[in-house]
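A.B. asks: Position one of the sequence shown corresponds to residue 232 (the numbering used here), numbered consecutively onward.
Read the hints as simulated data drawn from the structure, not as lab findings.
Check the hints yourself; a few may be wrong.
Heads up, simulated DSBU-like pairs for lysine-lysine below, C-alpha to C-alpha not over 30 Å straight-line [as the list claims (entries may be wrong)]:
#1 K424 with K351
#2 K409 with K364
#3 K278 with K320
#4 K365 with K424
#5 K278 with K302
#6 K302 with K320
#7 K446 with K365
#8 K302 with K364
#9 K409 with K365
#10 K302 with K383
#11 K351 with K383
#12 K351 with K365
#13 K446 with K424
Quick list of the computed label-pair ranges, beta carbon to beta carbon [to be verified]:
#14 D323 with I450: 52 to 60 Å
#15 E267 with D323: 47 to 55 Å
#16 D461 with L421: 22 to 30 Å
#17 A431 with Q362: 31 to 39 Å
#18 K298 with E267: 34 to 42 Å
#19 S367 with E454: 28 to 36 Å
#20 A465 with D388: 27 to 35 Å
#21 E387 with G345: 20 to 28 Å
#22 G384 with G343: 13 to 21 Å
Where is the CB? At the ideal position from N, CA and C, for every residue including glycine.
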Amino acid sequence: MKLNRFVWVVLLSITASTTVYAQAPTAPAAPERSVEDLFRSAQVLEKQNNLKEAEYCYETIVHRYEKQKVKNFANLYQAYTGLGNVDMKLQDLTGADLNYREALSAAVNMYGAGSAELIKPLTTLARVCYQQKKYSDSASHLRQALALAERKGGVEDLESVSIREKLAETLERSGNYKESESLIKQSLLLRDKIGDHTSAQVLALLNCYSDVLHKTDRISEAEQIDYQVDQIHAGKVPPTTVWKQ
Numbered sequence: 232m233k234l235n236r237f238v239w240v241v242l243l244s245i246t247a248s249t250t251v252y253a254q255a256p257t258a259p260a261a262p263e264r265s266v267e268d269l270f271r272s273a274q275v276l277e278k279q280n281n282l283k284e285a286e287y288c289y290e291t292i293v294h295r296y297e298k299q300k301v302k303n304f305a306n307l308y309q310a311y312t313g314l315g316n317v318d319m320k321l322q323d324l325t326g327a328d329l330n331y332r333e334a335l336s337a338a339v340n341m342y343g344a345g346s347a348e349l350i351k352p353l354t355t356l357a358r359v360c361y362q363q364k365k366y367s368d369s370a371s372h373l374r375q376a377l378a379l380a381e382r383k384g385g386v387e388d389l390e391s392v393s394i395r396e397k398l399a400e401t402l403e404r405s406g407n408y409k410e411s412e413s414l415i416k417q418s419l420l421l422r423d424k425i426g427d428h429t430s431a432q433v434l435a436l437l438n439c440y441s442d443v444l445h446k447t448d449r450i451s452e453a454e455q456i457d458y459q460v461d462q463i464h465a466g467k468v469p470p471t472t473v474w475k476q
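Construct the entire structure; sequences and hints are all you get.
C.D. replies: What follows is the structure in structure tokens.
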């Protein structure tokens, strides 16, 4: 039996269409990467200084948890901290500030407002605020960190000492000279107690104290502190009575 021309055209079209689909099947969707895999990739990329790709991995984790009603605050804390670290390396202080604040919020939800685990995110955020010259904000975070550190290890604990000294300097920068002077004296007395009279930390405290005295027009006292600094540089242990008053 002969097929007319129209029937042959239809049959050829159907055959060609079937062949095309057989040769190009639809590709299956790529499986969603696990959070653990994203963290591993982000950390490797960050070490390789591939910061934009690392940032993408951290952002993917954050966006995934934003869609969920029940938050995994441990992973959010780690992801926001990672984003803040990447921003710091990219010299994006505004971005780092925002991400470290989110990290602190996640840490509060995870550990509770009075936990010593908040010391690190508080001091990290304080450091970024200081670099932005937001000294009052920085001092506020350091005060909170100091209170937690003193409750955890006591006034003379090394962590408390370090935070207190940074707070004293930050307060001087913010113009809060009275509180700064009080903390400087407290810090110098603690260092004097352990026999530390000439360390770099003592020099930093004395220089900060001199700045406070100059800015409050107590020139005579400032000159005595400056003399102590000169004595330390000359290799001599100076008298400490000026700041013990």
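A.B. asks: Indicate, hint by hint, whether the structure satisfies it.
C.D. replies: Structure-based check of each hint:
no.	hint	result
1	K424 with K351	27 Å, holds
2	K409 with K364	20 Å, holds
3	K278 with K320	11 Å, holds
4	K365 with K424	33 Å, violated
5	K278 with K302	28 Å, holds
6	K302 with K320	28 Å, holds
7	K446 with K365	20 Å, holds
8	K302 with K364	33 Å, violated
9	K409 with K365	19 Å, holds
10	K302 with K383	28 Å, holds
11	K351 with K383	13 Å, holds
12	K351 with K365	19 Å, holds
13	K446 with K424	28 Å, holds
14	D323 with I450: 52 to 60 Å	42 Å, violated
15	E267 with D323: 47 to 55 Å	27 Å, violated
16	D461 with L421: 22 to 30 Å	23 Å, holds
17	A431 with Q362: 31 to 39 Å	21 Å, violated
18	K298 with E267: 34 to 42 Å	18 Å, violated
19	S367 with E454: 28 to 36 Å	30 Å, holds
20	A465 with D388: 27 to 35 Å	32 Å, holds
21	E387 with G345: 20 to 28 Å	21 Å, holds
22	G384 with G343: 13 to 21 Å	18 Å, holds
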